[in-house]
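Since the structure of chain A is provided, determine the placement of chain B on it from the hints.
As a plain string of letters, each chain reads:
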Amino acid sequence: MLLMDSPVLQVTDLTKAFGEVRSVDGISFEVGKGEILGLLGANGAGKTTAINMILGIVTPSAGSVQVFGEELHASRIKILSRMNFCSTYTQLPGNLRVWQNLKVFGKIYRVPQLSRRIDEVLEMLEISHLKNRVSGELSAGEGTRLNLCKALLNRPELLLLDEPTASLDPDIADKVRKVVSRIREEEGTSILYTSHNMRDVEEVCDRIVFMHKGTILFTGTSEETLKHFEKDSLEDVFIEVARSGGIASRKKEGEP
Amino acid sequence: MNFGTVQALVMRYLYLYTRTPIRAVELLFWPLVHLLVWGYLTMFLQQNTDDSFPYEITFLIGAVILWDVLFRAQQGVAIFFLEDVWSRNLLNVFAAPVTNADYLGSTYAVGLMRAGVTVTMLSVLSIFLYSFNIFSLGWALLPFIFNLLIFGWALGMISTALIVRWGPAAETLAWAVPFFIQPFAAVYYPVSALPVALQWVAKSLPCSYVFEGMRDTLKTGEVDWASLGIATGLNVVYLAVAGILFVRVMNVAREKGLLTKFSSQ
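Keeping their order, the protein sequence lines are chains A and B. If you're matching positions, the first sequence starts at 1 in the working numbering and goes up one per residue. If you're matching positions, the second sequence starts at 1 in the working numbering and goes up one per residue.
Chain A with its partners taken away, still in its complex shape:
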């Protein structure tokens, strides 16, 4: 499934400075076709800023974002129509019914056979019974799944998921992970996945990019990451990186 010869997403020397603060500092990574790449790091590591730059919501101070082989800033609208995103920090309008929200975004993304697709994604996330409910009355977990439905509507070739299981109970989180794996398997979707849940990462991601204070500390598979940091679990790695920037274990990627 993985085709790294022609990355779907290629981030090169991406930097974002807000005044003196460098939220993202020269990061480079790529996501291949059908690959799920985990973007990990503590709060303030720069994950969400990186995602916002990939979505074109934040303009990079330096570096480039190429999606589907094209520069994002040059073909933003064309690229955005082939990707989608879901973030725990956004909601769909609470006054609208579930189907109304999905219909609006389905039309924006020009989804063919929209009514059928809406039914499909609702079924995929197991919230078909909520179709006529007012979105603002949904529980946090149901709201997150609705957000995911929005993100899957246009069968995105590149999907950005920013902490998609943050507000979900273990049962629903497991179902979401399975949906993510399923769309990768069935549709070859490339996914950039941020999470603080190490179980998510171990179960879903092919490779991991570990970020700390805007820089990338390490990129590799789960096994490679554990070996690099000399830890038994990704959670231990996460804690060490959060507390010491991983300096205790290893140097920054690329350093001798």
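Derived by calculation from the structure, the hints in this document are not laboratory data. Predicted, not measured: the structure shown is a model, and the values here were computed from it. A hint or two may mislead.
With a straight-line Cα cutoff of 25 Å, these simulated PhoX-like cross-link-like pairs (lysine-lysine) come out [what the hints assert, rightly or not]:
hint: 1; chain 1: A; residue 1: K131; chain 2: A; residue 2: K178
hint: 2; chain 1: B; residue 1: K256; chain 2: A; residue 2: K78
hint: 3; chain 1: A; residue 1: K213; chain 2: B; residue 2: K256
hint: 4; chain 1: A; residue 1: K33; chain 2: A; residue 2: K78
hint: 5; chain 1: A; residue 1: K33; chain 2: A; residue 2: K178
hint: 6; chain 1: A; residue 1: K227; chain 2: A; residue 2: K213
hint: 7; chain 1: A; residue 1: K33; chain 2: A; residue 2: K175
hint: 8; chain 1: B; residue 1: K219; chain 2: A; residue 2: K213
hint: 9; chain 1: A; residue 1: K213; chain 2: A; residue 2: K231
Only chain B this time, still in chain A's reference frame:
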């Protein structure tokens, strides 16, 4: 501009209003209050003054109706943006394939619809309550409304740009901006009633020519097309400046990450 995208964004707005009828209070109630207050004031003045009292006093009702065209068009643009802020939906919209033109086009359409609903209600009521028929302006009504719509859209874009630049704390500008210009807009009194220095301010506002024109037309039956031409020319300038300001502020918002702050507050 993509018509399908504009349609989708407008559809969302319509869903919002049909889902929550209480929102009609803002669209119908306040304009109705204005009409009643100004309408009965007009009747009182008519009944208690001699013939020397300015004939224009009856046009206060027309001023209320036409001011609402401008105000609702401005609100259509500014409130459209705030609805996304309030529902934390802003990033979903701006991370979707929606261009600035699509977004603005949908806000214009919403402004037009808002103005249409309110003005229709006020026009019909003013006929029944005060025997004042705004349609007696005839075809001149169209360029009057057209100019007020354009100026309302321009003010809406300026309001939105200021809110984006200064953040959620500046939300109140969505309602305040039209009232910054109202004292100089010759809505309820002629430009000549202003001090000379402020008359220049009034003459720089397209809407002042419309309100002056409305009074003249209702009084004489003649339309001052030259003044309407000036209003249209000024509107082209205002619309262009507001459009440039909006696009530049959106670029600054992307530079400074301002749009993401709306989602986290």
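Structure-based check of all given hints:
1. K131(A) <-> K178(A): holds (21 Å)
2. K256(B) <-> K78(A): Roughly 24 Å between the alpha carbons, so the hint for K256(B) and K78(A) holds.
3. K213(A) <-> K256(B): holds (18 Å)
4. K33(A) <-> K78(A): This hinted pair holds, its Cα atoms lying about 18 Å apart.
5. K33(A) <-> K178(A): holds (19 Å)
6. K227(A) <-> K213(A): Distance ~22 Å between K227(A) and K213(A) Cα, so the pair holds.
7. K33(A) <-> K175(A): Satisfied, since the Cα-Cα distance of roughly 23 Å is no more than 25 Å.
8. K219(B) <-> K213(A): With Cα atoms ~71 Å apart, K219(B) and K213(A) exceed 25 Å; violated.
9. K213(A) <-> K231(A): holds (21 Å)
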